[in-house]
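K.L.:
The lines below spell out each chain.
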Amino acid sequence: MSDTLRAHVDEDVCVGTGICEATAPDLFEVGDDGTSHVLLDNVPAELLEKAKEAAANCPTRALTLQ
Amino acid sequence: MTALLPEADSVNLSDLAFWALPPEEREAAFAALRRDRPFAFYEEPEVPFMEKGPGYYSIVRHADVEAVSSQPKLFCSGEGATSIVNLPAELNEFYGSMISMDDPRHAKIRRIVSKAFTPKMLEAVVDSVEDLCADILRDARKVAEEGDGTFDLVKHISSPLPLRVICRMMGIHDEDAPTVLEQTNFILSGGDEEFITDESQAMMQIIQAGQTLAGIMERLAEERRETATDDLTSALVRTEVDGEQLSYQEIASFFILLCVAGNETTRTAISHGVWAMHQHPDQKARWMADPSLEKTAVEEIVRWASPVIWMRRTATQDAEVNGQKFKAGDKLIMFYNSANRDENVFKDPFTFDLGRQPNPHYGFGAPGPHFCLGANLARREIAVAFRQLFEKMPDLEVAGEPDRLKSSFINGIKRLPVRLGGGA
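So the protein lines, in turn, are chains A and F. In case it helps, this note's numbering puts the first sequence at residues 1 to 66. In case it helps, this note's numbering puts the second sequence at residues 1001 to 1424.
None of these hints come from the bench; they were simulated from the model. Model, not experiment: these values are computed from the prediction. Hints are supplied without guarantee of correctness; some may be wrong.
Unchecked claim - Calculated pairs, EDC-like style, for lysine to aspartate or glutamate (alpha carbon to alpha carbon, straight line, at most 16 Å):
id	chain 1	residue 1	chain 2	residue 2
1	F	1120	A	26
2	F	1115	A	33
3	F	1108	A	32
4	F	1284	F	1294
5	F	1108	F	1294
6	F	1108	A	11
7	F	1414	F	1152
Unchecked claim - Computed far set for chain A versus chain F, every beta-carbon distance over 12 Å:
id	residue
8	6
9	18
10	19
11	30
12	45
Each residue gets a CB set at the ideal place from its N, CA and C atoms; glycine is no exception.
The task is simple: from the sequences and hints, build the whole structure.
P.N.:
As structure tokens, this is what we get:
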């Protein structure tokens, strides 16, 4: 088991509010399809706090860290 | 809140007179409801020509608003989100668009425009927000200098900024902007006599306002079908959902929603921000001295203003929220203004604190699929407005009381007199 976390967006739920993109722009971006996309396979250590903040503040709770 | 709280049972949120009370009295009433009657039931307000419905529960605590808002399958928007009274289905859709719609249709429609409102896309808009704001402040100063040194903040600053930004994003021609402002005022007048002089005509006036906006949309959509640009109207006419283009009515209601929501809310936040900093000069001095306060300051202004007071949900089945049982069909009104003053969530909720952190306010709505589409844009507009006000109008001071909109739905300010060069 490694400590690395992966961010996951539930595309059925995400409506692209962009709150994650505002919180961690290096990690998330809303695409042309109107849902958020994860830009990096693993969450780098220096972005971990931002990633957690983004997940906690996702209005649709579409964003999880696993 | 130090004032004695009123009897919770004496509060009637359906009485329009309640919404004309001074803000402190309304705050105290909601504090009493949060403490003693967190799920108070009210008769519905009378609306001419509409059948009176069964009544509604007021949801006033932060945790309860969150529970309702974040369970859209139990508490839906499709029966109407912006009207307590059930509107005829056509009207509901026409004025609500996706705000009164449920997933999956809601999500599909919303995603058409999501991209345009993300922080990265808004980077491109920010320059134009800066330029527009600079123009607007220059014009406002001119009004003051050519007159008696005063002007109306709402008319000359808080209204034009969001109006011109949303018109530009949607591709609406400059000459149509005044009409957009006028008609959105009608739609969100909430029964205020200044806009709706004869209550029996209210529905007709609102319908006419919608038709006028639809007319603007129709002309614009025609142009964009021939030559698409990168504006929102082009996206609406071009996009297919489930392999089909949006219908005329869907485009019209979407267009109206963006016009209305993009205008009234940010205007209200900017006006309340100026008024609040007048009442709390220490906070204004603090922000002016420390521009890095911008992020928390903008959030506190939105919490303080709570521009949209409520949204409605309807129970789709028997359900329970924090111990309170609801039956299928029950109407629930989520009072964001009350959630934003909840003593159990906010430390000193009645203190205006531009450095407040954490600040989990519901000024943009509570968690759920309907979270404010324009939140990122509104934050930019408010930040730019105050930064430029501090830089370019450090001599601005409030010269009178705000003239408030009498509405349960929008915490609006119709006029706020200000003056420049106060004594200097």
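K.L.:
Run every hint past the structure and note whether it holds.
P.N.:
Hint-by-hint comparison with the structure:
no., hint, in the structure
1, F:1120 to A:26, "holds (11 Å)"
2, F:1115 to A:33, "holds (8 Å)"
3, F:1108 to A:32, "holds (12 Å)"
4, F:1284 to F:1294, "holds (11 Å)"
5, F:1108 to F:1294, "violated (34 Å)"
6, F:1108 to A:11, "holds (11 Å)"
7, F:1414 to F:1152, "holds (9 Å)"
8, 6, "holds (22 Å)"
9, 18, "violated (4 Å)"
10, 19, "violated (7 Å)"
11, 30, "violated (4 Å)"
12, 45, "holds (23 Å)"
When each numbered hint is compared with the structure, violations occur for hints 5, 9, 10 and 11.
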